[in-house]
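Student: Sequence:
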Amino acid sequence: MLKTINILNKRARFDYEIIETFTAGIVLTGTEIKSIRLGKAQITESFCEFNDDDELFAINTSIEEYAFGNQFNHKARTERKLLLNRRELKSLRKSVETKGLTIVPLKLFTNEKGMAKLDIGLCRGKKTYDKRESLKEQDTKRDLARIKKEFK
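Each residue of the sequence shown is one higher than the last, beginning at 1095 in our numbering.
Incorrect hints may have been included.
[To be verified] BS3-like, lysine-lysine: derived pairs with alpha carbons at most 30 Å apart:
#, residue 1, residue 2
1, Lys-1235, Lys-1104
2, Lys-1128, Lys-1207
3, Lys-1193, Lys-1211
4, Lys-1188, Lys-1225
5, Lys-1128, Lys-1097
[Stated by the list, open to error] Beta-carbon label-pair distances, calculated as ranges:
#, residue 1, residue 2, range
6, Lys-1225, Asn-1164, 39 to 49 Å
7, Ala-1161, Glu-1231, 38 to 48 Å
8, Thr-1192, Asp-1147, 13 to 23 Å
9, Glu-1159, Lys-1188, 29 to 39 Å
For the record, the hints were derived by calculation from the structure and aren't laboratory data.
Since we're looking at a predicted model, the values are computed, not measured.
Virtual Cβ for every residue (Gly too), placed ideally from N, Cα, C.
Turn these sequences into a full structure, and let the hints steer you where they fit.
Tutor: Below is the structure:
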């Protein structure tokens, strides 16, 4: 039985308005998948960017070094290539260049086969007043949940 790993980027939903989401595979080397399976990854400060060859890379994604690795252990912060269909890559590139949107990792997880996947979102940055509104909504939901819990 495989234990599924879900590493979320909570700041992304607060800082950005998510327009569209995609699921991408990640090219990993050596001991990176072992560290991910142990839950030793962080995607809160990461973003995605295209290179000159129209390939999408996750930048600033942190996967800690594997504790039992040897001299062939991986670096904690490197660019990691994302695997998408050519059609999806073209549409993402076009929307990033023309509309000024950004691509942000939302969730790092392992699927039922044990492969590491990354949910990425095509996002637009929120203004400060939008962030305040989302904080108010969270507070009201929390208060309603407390009230419902008291009456049960």
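Student: Against each hint, give a clear statement of whether it holds in the structure.
Tutor: Now for the hints, and whether the structure bears them out:
1. Only pairs whose Cα atoms come within 30 Å are accepted, and Lys-1235 paired with Lys-1104 is accepted, the gap being roughly 17 Å.
2. Of the supplied pair hints, the one linking Lys-1128 and Lys-1207 holds, its CA atoms being roughly 14 Å apart against a limit of 30 Å.
3. A distance of roughly 26 Å separates the Cα atoms of Lys-1193 and Lys-1211; the hinted pair therefore holds under the 30 Å criterion.
4. With a C-alpha separation of about 27 Å, the suggested pairing of Lys-1188 with Lys-1225 holds against the 30 Å cut-off.
5. Proposed proximity of Lys-1128 and Lys-1097 is supported: the alpha carbons are some 12 Å apart, at most 30 Å.
6. Remark: the range hint 39 to 49 Å for Lys-1225 to Asn-1164 is upheld by a beta-carbon distance near 45 Å.
7. At about 41 Å, the CB distance of Ala-1161 to Glu-1231 agrees with the hint of 38 to 48 Å.
8. The beta-carbon spacing between Thr-1192 and Asp-1147, approximately 20 Å, falls within the hinted interval of 13 to 23 Å.
9. At roughly 37 Å, the beta-carbon separation of Glu-1159 and Lys-1188 lies within the given 29 to 39 Å, and the hint holds.
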